[in-house]
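*Asks:* Using the sequences and the hints given, assemble the complete structure.
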Amino acid sequence: MDTIIFVLIFFTLLAMGTGRRWLVLTLYFVSLAATLLLFNHHATSQLDLNF
Amino acid sequence: MSNRLGFWAAHLNILVLCGVLIGAFVVQFGQGEFPCPLCILQRMAMMLCALGPAYVIMKAREGEVKTSDFATGYGIAVISAIAGASISIRQILLHIVPPDPGYGDPVLGLHLYTWALLVFVAEILAAGVNLAFARELEPRKAGFGWPSWLVLGLFGAVILANAVAVFALEGLHWTLPDDPNSYRLFDLLRG
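Residue numbers (our numbering), protein chains in the order written: chain A, -11 to 39; chain B, 593 to 783.
20 Å max Cα-Cα, derived SDA-like pairs, lysine to any residue: (1) B:K658 to A:L13; (2) B:K658 to B:K733; (3) B:K658 to B:R596; (4) B:K733 to B:S660; (5) B:K658 to B:R732; (6) B:K658 to A:L11; (7) B:K733 to B:T659; (8) B:K733 to B:T664; (9) B:K658 to A:G7; (10) B:K658 to A:G5; (11) B:K658 to A:W10; (12) B:K658 to B:V721; (13) B:K658 to B:F725; (14) B:K658 to A:R8; (15) B:K658 to B:L597; (16) B:K733 to A:G7; (17) B:K658 to B:H603; (18) B:K658 to B:A601; (19) B:K733 to B:R596; (20) B:K658 to A:T6; (21) B:K733 to B:A601; (22) B:K658 to B:L723; (23) B:K733 to B:H603; (24) B:K733 to A:G5; (25) B:K733 to B:L604; (26) B:K658 to B:G720; (27) B:K658 to B:G735; (28) B:K733 to B:W600; (29) B:K658 to A:R9.
Honestly, the hints are just simulated from the structure, not real lab data.
*Replies:* Put into structure tokens, the structure is as follows:
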């Protein structure tokens, strides 16, 4: 999954060369959503905090 | 007025983020530390931040950068920096209660995830300044040339290097373990 996200980010950078704003924004938001979903997957334990 | 300051500030923005990402590589390979899943997620967020100024630079290749494109670029940087800061804060809070020593060795007194939070806050500030002074900073007739290709090429190389490194770390698994202690691709190849 991590490798796929890095490749997605790379394709977003490449898409900037096409000058198509919608393509860049679509790839960017897909990369961001994948990153946040992966974060959600890893953030499972409760924080051991006591105020 | 060609507003070259804003154009070169976008280059500097990418170079600083690439410098931090290369620094993470130095810690990973120089000191033999294995990055945790949250460390990798913060690297992703830094790259997503760098896509913002990269968009502004690429738009300058076509000529004058419109205010809407300038705002798109720095909007991308702000959204990514907020996402990255959330990940850094989560990791800081995981290790904040004494006697937890934190994850990895500190660099200049702070752990890498604390430095990452400072980087994300600095990115939000930089994007805010660019947006506040958009009239003065959005590039017009900026000289897109080999320095711009060099910076964008370095950024592309850093992304690909991370893709290869994390593939070696993850092997054929979907996700990284919480506390990685080997390169699982090499473990797999060794049998």
